[in-house]
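Line by line, the protein sequences give chains D and C.
Reminder that position 184 of the first sequence reads as 980 in the numbering used here, one-by-one numbering, no gaps.
Reminder that position 246 of the second sequence reads as 967 in the numbering used here, one-by-one numbering, no gaps.
Because the hints were derived from the structure by calculation, they are not lab data.
Keep in mind it's a predicted model, so treat the numbers as computed, not measured.
Treat each hint with caution, since some may be false.
List time: in silico DSBU-like cross-link candidates among lysine-lysine, alpha-carbon distance up to 35 angstroms [said to hold, decoys possible]:
hint: 1; chain 1: C; residue 1: 859; chain 2: D; residue 2: 870
hint: 2; chain 1: D; residue 1: 901; chain 2: D; residue 2: 1094
hint: 3; chain 1: D; residue 1: 870; chain 2: D; residue 2: 823
hint: 4; chain 1: D; residue 1: 1141; chain 2: C; residue 2: 943
hint: 5; chain 1: D; residue 1: 901; chain 2: D; residue 2: 1091
hint: 6; chain 1: D; residue 1: 1008; chain 2: D; residue 2: 1122
hint: 7; chain 1: D; residue 1: 944; chain 2: D; residue 2: 1017
hint: 8; chain 1: D; residue 1: 944; chain 2: D; residue 2: 918
hint: 9; chain 1: C; residue 1: 807; chain 2: D; residue 2: 823
hint: 10; chain 1: C; residue 1: 943; chain 2: D; residue 2: 1188
hint: 11; chain 1: D; residue 1: 897; chain 2: C; residue 2: 859
hint: 12; chain 1: C; residue 1: 807; chain 2: D; residue 2: 894
hint: 13; chain 1: D; residue 1: 1000; chain 2: D; residue 2: 901
hint: 14; chain 1: D; residue 1: 870; chain 2: D; residue 2: 1094
hint: 15; chain 1: C; residue 1: 807; chain 2: D; residue 2: 806
hint: 16; chain 1: C; residue 1: 807; chain 2: D; residue 2: 1008
hint: 17; chain 1: D; residue 1: 1116; chain 2: D; residue 2: 1094
hint: 18; chain 1: D; residue 1: 827; chain 2: D; residue 2: 1209
hint: 19; chain 1: D; residue 1: 901; chain 2: C; residue 2: 859
hint: 20; chain 1: D; residue 1: 1094; chain 2: D; residue 2: 973
hint: 21; chain 1: C; residue 1: 943; chain 2: D; residue 2: 827
hint: 22; chain 1: D; residue 1: 1000; chain 2: D; residue 2: 823
hint: 23; chain 1: D; residue 1: 1091; chain 2: D; residue 2: 823
hint: 24; chain 1: D; residue 1: 1122; chain 2: D; residue 2: 1017
hint: 25; chain 1: D; residue 1: 870; chain 2: D; residue 2: 806
hint: 26; chain 1: D; residue 1: 944; chain 2: D; residue 2: 870
hint: 27; chain 1: D; residue 1: 1017; chain 2: D; residue 2: 897
hint: 28; chain 1: D; residue 1: 977; chain 2: D; residue 2: 883
hint: 29; chain 1: D; residue 1: 1141; chain 2: D; residue 2: 1122
hint: 30; chain 1: D; residue 1: 883; chain 2: D; residue 2: 870
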Amino acid sequence: MTNNHSFSIKVMVCGLVLVALFASCRKEPIKLENPNTTYCTSYVHQFQTVWEGLDHIYVLWERDTVDWDARYAKYLPVFQEFDARMKTNPVDSAEYHKAWKDVTKGLLDHHLTMFLYNPNGKYRIALQPGSNSYSHARDWQAETAALKQVPGMTEYVDYYDPNNSLVNSIFCLLPGKTQGKYIAYFRLSAFSIGEMADSSFNGKAAMEAPLKAFYGNEYLKGISNGAAARADVESIIIDLRGNPGGSLSDISPAIGSLMQDHFHWGYTRTKMGLGRLDYSGWTQFDILCPENHLKASKPVVVLADINTVSCGEISTYTIKMMPFGKVIGERTYGGTCALVPNTDKTFTLFYSGCFGDQNLAPFLGSGKPTHPDYFEHYVYSGTYDVVNTDYKSFEGVGVQPDIEVLYDANALKSGVDNQLNRALEYLRTGN
Amino acid sequence: MKHRIIIFAVLLLAGGCLSAQNNGTAAAKADGDTLAAPTFPRWSVGAGIGLNINVPDVETAYMTNVAYNPSFGLGANLSVAYQPYKWLAVRSGIHFVPKNYTYLHSITVENQEGSVGSNTNCNYLDVPVMADFSIGGKVRWHLFLGGYVGYWLNGNRNGAAFPLGNRNDDGSFAENYVFNSTRDNRFDAGIIFGTGLGIACSRVVDINIDLLNLYGLTDVQKNYMRQLNPHYNTTFVLQAGVTINLQ
């Protein structure tokens, strides 16, 4: 019995030692720097910080085909070489730009815009990996001139934005299918309606005039006493060509007001965790129909093109899915992620999308670094991954038109807007 | 530090059992074997249910307002044991073990405090192989030491994220866990140790109450990215069951 006891104790002790040894087999966590607030002191430090930031915060890794680890292995030596010759042969902006362009080449997020600052040369570079070579410049003046030449055009109201030198929004009536009836045409150059309403700009009345003409005086609440609700307006053209997007809250009054009911657009998700593939669940994304909306269906055509981006694309798809909706023109840009750019307030809310010194981005700050002695960065990228009800993403592919009419610069120069004409033909003939 | 605590806990557990062994032996003698003495070797089978708490071990780094928190679950087990000696058995079986956790992201928006996050329920089927050291008479103390392998069967999660747009809801979601073959490591393995109390109701039937610690040694994620912080599970199981001695 004593021998048995002694043996059993030895066996137990051996077992305990084994268990204790195995317990130390877990991997240790990696120390990670906060990509939103790290002040980088070298090319390599900046590269590692931005690379790691995108590694954790970028929202499209599940769909992206770029081998991000391979990019690290390939380009770390490039930045090490930059550091090595920091004093003897400083890196110029072209080299710096090329290195970063190569690092980020092919990333899917079409909102992704990066601003990187080099304190040695005191220059800032900007790059947009998703920008496509097939986009084309718009000729606003020619389009506006062509619109004015449509026979029977009436009640024309526009707002010319002197800051951007473009016709910001236009309303007019064009002859419809039925004698005495009209097609209401409305061009929305950006989703900044809410900003307009809140603006204290002294030219606000002029700025609001096309909106009021189309939607009515209470345009933030949808369609009230504007032309869209008139009985003699039988159909509508919403021109979103060149619309770069803007505030998502504008979609309900601007587009939702054309619908009969709320539209279940799809689903969204954000990052939820530091792993590349750590996401929240899919949450429902709806376009709400405001209280003031069209009570009877009217055919609606949206004119879209390759320069229709973000909210412009969300709106284009919304109209495409309406029972009497049609998309005419070109495929849209393919930047449908939604984003929240203000990293000083929102980084810790999301840990998804944008990070770095937002001051570097000219559209959010001065365009200059807050800490000019450091290698600063600002990464502007999607906070939300957005898919439709079939979980299909439009990122990088855009929304396809129902009737494709490609941009024809030569026709436009001669006063013919072929895309607008096709929309008029469709609404007047049904084909 | 964590490892030292574990080693200390294991030794403490063993110390408790060795102490119990002395008391138990004395108690058994005093009891005078009111039940007929069992014969060895023998086989036994058992079944039980358990309350689990899973403690996720994930480093959140700079996400200082994020925490992976423990979560409870209900499990069950079927076991089989071969007992060559009175003091030693080799125990195995199938354990259904939920290894749940909560991702809590605390936020403050316009002075309003709230949170987003998710409750993730992960169901595992684990097969432990344990040495079961025991001492005592009618009431026996057990010390379990061994390892387990398992498979992540399925799961689901619910929670809330920031909703997009002007929908007046809370961004809630509830969905089955969709496995990602790039990320999710469905193979599970680790060490298991614990203690328990067995009460012999008759020569054939024992009632058991066990406290087990399943200490995961496999990351629940595959090594799919260069800068990956591991995610380990440590699951405590308090289970009660019945054992039928076959001989």
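**Item:** Satisfaction of hint between residue 1122 of chain D and residue 1141 of chain D, Cα-Cα up to 35 angstroms
**Value:** violated (39 angstroms)
**Item:** Proposed proximity, residue 883 of chain D with residue 977 of chain D (alpha carbon, max 35 angstroms)
**Value:** Judged against 35 angstroms, a Cα distance of about 73 angstroms means the pair is violated.
**Request:** Would you check the hint for residue 943 of chain C and residue 1188 of chain D, treating anything up to 35 angstroms between C-alpha atoms as holding?
**Result:** holds (26 angstroms)
**Request:** Take the C-alpha atoms of residue 943 of chain C and residue 827 of chain D, compute the straight-line distance between them, and say whether it is at most 35 angstroms.
**Result:** holds (19 angstroms)
**Item:** Satisfaction of hint between residue 1122 of chain D and residue 1008 of chain D, Cα-Cα up to 35 angstroms
**Value:** holds (24 angstroms)
**Message:** Next pair to validate is residue 807 of chain C with residue 823 of chain D; report whether the Cα-Cα distance is within 35 angstroms.
**Reply:** violated (39 angstroms)
**Prompt:** Holds or violated: residue 1116 of chain D with residue 1094 of chain D, Cα cutoff 35 angstroms?
**Reply:** With Cα atoms ~13 angstroms apart, residue 1116 of chain D and residue 1094 of chain D stay inside 35 angstroms; holds.
**Distance restraint between residue 944 of chain D and residue 1017 of chain D, which requires alpha-carbon spacing of 35 angstroms or less** = This hinted pair holds, its Cα atoms lying about 29 angstroms apart.
**Asked** Straight-line Cα separation of residue 1000 of chain D and residue 823 of chain D no greater than 35 angstroms?
**Response** violated (61 angstroms)
**Item:** Distance restraint between residue 870 of chain D and residue 823 of chain D, which requires alpha-carbon spacing of 35 angstroms or less
**Value:** holds (26 angstroms)
**Request:** Would you mind confirming whether the straight-line C-alpha gap from residue 1141 of chain D to residue 943 of chain C stays at or under 35 angstroms?
**Result:** holds (33 angstroms)
**Message:** Between the alpha carbons of residue 807 of chain C and residue 1008 of chain D, is the straight-line distance 35 angstroms or under?
**Reply:** Violated, because 91 angstroms separates the two Cα atoms, which is more than 35 angstroms.
Violated hints, in rising order: 1, 2, 5, 8, 9, 11, 12, 13, 14, 16, 18, 19, 22, 23, 25, 26, 27, 28 and 29; the structure is consistent with all others.
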